[in-house]
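Q: From first to last, the protein sequence lines are chains Y and D. Under my numbering, the residues of the first sequence are numbered 7 to 269, in order. Under my numbering, the residues of the second sequence are numbered 275 to 350, in order.
In short, the hints are calculated from the structure, not lab data. A few of these clues could be false.
Pair ranges (Cβ atoms, derived) [said to hold, decoys possible]:
hint	chain 1	residue 1	chain 2	residue 2	range
1	D	Trp346	Y	Met186	17 to 23 angstroms
2	Y	Gln124	D	Leu291	53 to 59 angstroms
3	Y	Ala156	D	Val300	34 to 40 angstroms
None of the values given here were measured: they were computed from a predicted structure. Ideal placement from N, C-alpha and C gives every residue a C-beta, glycine not left out.
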Amino acid sequence: MIGQSTVLAAEFPPSVEDFYLPSILPWGAHDTYWFTKITFLVWLTVAAIIIFFLVSYRKPELVPTKKQWLAESIYGFVRNNISVEMIGPRGVAFAPYLTTLFCFILLNNLWGIVPLVQISPNSHIAFPAVLAVISYVLFIYVGIRHHGGAVKYFKAALIPPAPWFILPLLIPIEFFSNFMVRPFSLAVRLFANMFAGHMLLLVFTLGGFAMISANVWFTPFALVSWAMTIALTLLELLVIVLQAYVFTVLTASYVQGALADEH
Amino acid sequence: MLLAEVVGSTAAIGYGLAAIGPGIGVGLVFSAYIQSTARQPESSRLTLPYVWIGFAVIEALALLGIAFGFIWQGPL
Numbered sequence: 007m008i009g010q011s012t013v014l015a016a017e018f019p020p021s022v023e024d025f026y027l028p029s030i031l032p033w034g035a036h037d038t039y040w041f042t043k044i045t046f047l048v049w050l051t052v053a054a055i056i057i058f059f060l061v062s063y064r065k066p067e068l069v070p071t072k073k074q075w076l077a078e079s080i081y082g083f084v085r086n087n088i089s090v091e092m093i094g095p096r097g098v099a100f101a102p103y104l105t106t107l108f109c110f111i112l113l114n115n116l117w118g119i120v121p122l123v124q125i126s127p128n129s130h131i132a133f134p135a136v137l138a139v140i141s142y143v144l145f146i147y148v149g150i151r152h153h154g155g156a157v158k159y160f161k162a163a164l165i166p167p168a169p170w171f172i173l174p175l176l177i178p179i180e181f182f183s184n185f186m187v188r189p190f191s192l193a194v195r196l197f198a199n200m201f202a203g204h205m206l207l208l209v210f211t212l213g214g215f216a217m218i219s220a221n222v223w224f225t226p227f228a229l230v231s232w233a234m235t236i237a238l239t240l241l242e243l244l245v246i247v248l249q250a251y252v253f254t255v256l257t258a259s260y261v262q263g264a265l266a267d268e269h
Numbered sequence: 275m276l277l278a279e280v281v282g283s284t285a286a287i288g289y290g291l292a293a294i295g296p297g298i299g300v301g302l303v304f305s306a307y308i309q310s311t312a313r314q315p316e317s318s319r320l321t322l323p324y325v326w327i328g329f330a331v332i333e334a335l336a337l338l339g340i341a342f343g344f345i346w347q348g349p350l
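Just chain D, with the same shape it has in the complex (with noise of 0.2 angstroms):
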């Protein structure tokens, strides 16, 4: 007998849950480039490629999590 059911997408569920990682992964990115600016704002110039593609490989994680959601969804 069913005591509890969820209905609904479970893609939808997923997805929120694979947005975490790349949510704080993202934060760190950032946070790391601002703190090392304030410590020595010359380093700015120097790290900044290098937030443009911790920011795009991170991200491209999250948009796995989108584009799979439609694969993996199930019938409708």
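Just chain Y, same shape as in the assembly (with noise of 0.2 angstroms):
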């Protein structure tokens, strides 16, 4: 029984640790290494999306099949609700990047509640990061593109209307929440949410053993232990489709920032 409980009880409470999971090509090193469950579901995801919607699209139909329904529904879903409600007619232009953009981060996203794998590769700050750096290079560029260079851009994003004494006090705010905040908030709202969520499914389920291992009349309190991981499993399910559908719609309001045509 000694044996058993000290096994059990080993990892709590969770730290930052239970995210660097063991390479698995070369097997078992200890730096550099490439290869871990992380990038294994990264591989499947995009193999997923890439896979699903060609097929889905192999032959289609006016009457659509439940396939392509789905298909058409999540693009018409990103289209029209997203694209298409943040940035206006040229929005449609958007849609195919959102669509993937929505699809990529959600699918990672799920790796987190689906059973035997539970660990999202969005919980590793580089995929949210690469991410959000690509959703700023392209509110930027869309934007010099169409001002129709970079000074008039700048210029047009910065210079908020307002009396000119006070222009000096907004333009570094202006420029700071533009073009400093907007990259960084992106990419650590998805990363720490699925930490988070992440995190907090550790500790009840961890918690449940802890109790047991401690004292084995603990085992109704790590049984509601375990209801609660169930319960939160739920909110994270929640959560997961939220991020992913704020960070598109994020990155398609930062867009029609750019875009617009008054300040």
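Reconstruct the complex from the two isolated chains, following the hints.
A: What follows is the structure, encoded as structure tokens:
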């Protein structure tokens, strides 16, 4: 009994170390490894998205089949409710990228609650950071192209309509909030949601085991802890879909801000 | 001489304080949505995207609290 309990209690409380998964290739290495479960999950996500959209549009029919209807619904949702609603009629040009972004983030987040997998690649800061950088470059590029030059775009983006004597205060604020906080907050919002969600599930799961191994009479409390884990998994599902939606909507909103003619 | 001493993790206290603001903020967002829908139900569909954007942007600050709690942990 003592031997079992020390093994079960070993990892409580969960920490950042729980996010460093063992390397698969090269097997058991401790530095400079390149293939872990996270890498495999990202490859799975990309493969799933490509295969799903390719297969469901192989022979498109006027009366859609179930798979075609699902693919069209996903694209239609992002195009109508995110792209066109945020950017306007020009949003249709951005709909393919936004749909890819939405599906990629959603599927990556979903690995966090799939049984036996239960880790989301977005809980490593690298993936949200790169996605945020892509959105950052996108809205700046679109702004420069729309306004016809970098100087004109930055003048339009940084100078709010305000009396001249407040501008020295407002322009640094606008610069900071438009060009520094936006990519940072996009990345950290997605990362921290997935990180915190995973930690929360770890706390309740490992807490149940820790309670049992501390004192076998605590078993009812451990069962309550595991029931909380199930409830939190459902909450995590809401957070997953919401974070994918919000990342996409905010990217569309930044593009709309770059395309706006008046400030 | 020490009159009183608090031991333990100040990161935990810090996060507790950091969660006050976003808690109030998210409450304000949803309260505004509920009140505006009560006054004019047809507007609920128009304002719903802003509910989710507002919630996520405010929640980002609470989650920054969790993340920075680990970064600024200090000696364990």
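Q: Now tell me, hint by hint, if it's right for this structure.
A: Consistency of the hints with the structure:
Between tryptophan 346(D) and methionine 186(Y) the beta carbon distance is about 21 angstroms. The supplied range of 17 to 23 angstroms therefore holds. One distance hint, 53 to 59 angstroms for the beta-carbon pair glutamine 124(Y) and leucine 291(D), is violated here, with the actual separation near 31 angstroms. A beta carbon spacing of about 38 angstroms between alanine 156(Y) and valine 300(D) agrees with the range 34 to 40 angstroms that was offered as a hint.
Hint 2 from the earlier list is the only one contradicted by this structure; the remaining hints agree with it.
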